[in-house]
Amino acid sequence: MKTDYKKWFYLVLLSLIWGSSYILIKKGLIGLTPLQLGSIRILFTLCILFVVGFSHLKKIPKSKWQWIAVSGFLGTFFPNFLFAYAETKIDSAIAAVLNGLTPLFTLLLGLFFFGIALKTKKIFGVLVGLFGTCILVVKQIESTGVENGIFLFMIVIAALCYAANVNIIKYRLGGVTSLGIALGNFVVIGIPAFFIALDSGVFQLDMQLEAVTSSVGFIFVLAFFGTAMAKVVFNELVAISSPVFSSSITYLLPVVAIFWGVLDGEQLDWLQFLASGIILGGVYLVTDTKKSHSK
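Going by the numbering used here, 9 is the number at position 9 of the sequence shown; the sequence numbering is gapless.
Hint data in this document are derived by calculation from the structure and do not stem from the laboratory.
Quick caveat: nothing in here was measured; it's all calculated off a predicted structure.
We put the beta carbon where it would ideally sit given N, CA and C, even for glycine.
Accuracy of the hints is not assured; some may be wrong.
[To be verified] Computed beta-carbon distance windows for the label pairs:
| # | residue 1 | residue 2 | range |
| --- | --- | --- | --- |
| 1 | Phe273 | Lys59 | 42 to 48 Å |
| 2 | Ser214 | Lys62 | 41 to 47 Å |
| 3 | Leu16 | Glu210 | 25 to 31 Å |
| 4 | Tyr171 | Leu198 | 33 to 39 Å |
| 5 | Phe259 | Thr88 | 20 to 26 Å |
Using the sequences and the hints, build the whole thing.
In structure tokens form, the structure reads like this:
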């Protein structure tokens with residue numbers, strides 16, 4: 001498969017997988033606390049990746065491990081718990097759309113810390129997407145109250161973490177296999193996740209309770225597809241494309257998340273659908289590969 005087609009295939013595949021992750025988090029929170037959910041997700045993923053990718057650990061140069069650690073915390077550990085807490089108050093579809101801030105942060109971090117030249121069309125595309133995101137934020141605050149603003153801010157911080165991670169993978173982890181990066185990430189963050197699981201009562205969960213059993217099941221599915229498999233595919237996508245193209249997945253996955261949210265009874269009005277359409281307009285501008293003049 002040609003690289004250009006492959007990156008679009010990966011983009012669509014990840015949109016479907018990660019777009020479904022938000023509803024799985026929501027279902028997981030029925031029988032688990034945010035700390036339990038986050039730690040279980042990390043430990044499940046570590047076990048899955050360890051089985052299929054143990055040999056890749058030996059191939060990671062010692063000089064890369066510091067960046068592997070930073071990537072693990074920024075790309076998985078912190079967002080993992082931030083989204084779990086945020087979705088205790090925010091609809092899964094809204095959480096997905098707010099994550100659309102990632103490409104904006106990717107551009108800004110690339111500009112200030114990695115010396116990346118920005119094209120006018122991409123900047124405009126990100127701003128269009130940001131405009132749509134702002135509409136959703138305002139609408140959410142009107143619906144749930146300003147007091148829930150902290151939960152919106154958690155997703156903004158998570159998006160910033162994702163953006164930093166994209167740049168780190170692209171510019172600091174070159175030469176490391178996609179599976180090696182993913183497994184290395186979870187080997188590092190698996191240690192604090194284990195202690196969080198211990199402290200939050202994960203190992204004392206009553207698996208006889210239907211709510212707990214189903215929630216753990218949802219998180220296993222999330223760990224297998226939405227974390228283990230998706231992390232490897234995403235790392236490969238970053239390797240064969242640009243950081244902005246890779247992070248633009250956060251513009252596409254809200255469509256999938258909204259679909260699942262509506263099926264689950266979440267209420268979205270015409271303004272929220274309009275905002276989602278504006279965000280999709282932004283993704284076209286950001287990912288368009290036609291030549292444009294740089295500023």
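Evaluated hints:
1. Between Phe273 and Lys59 the Cβ separation comes to about 46 Å, which falls inside the hinted range of 42 to 48 Å.
2. In this structure the hint that Ser214 and Lys62 lie 41 to 47 Å apart at CB holds, the actual value being about 43 Å.
3. Our hint of 25 to 31 Å for Leu16 and Glu210 holds, since their Cβ atoms are close to 28 Å apart.
4. As the Cβ distance of Tyr171 to Leu198 is approximately 36 Å, the hint placing it in 33 to 39 Å holds.
5. In this structure, Phe259 and Thr88 meet the distance hint of 20 to 26 Å, their C-beta atoms being roughly 22 Å apart.
When each numbered hint is compared with the structure, no violation occurs for any of them.
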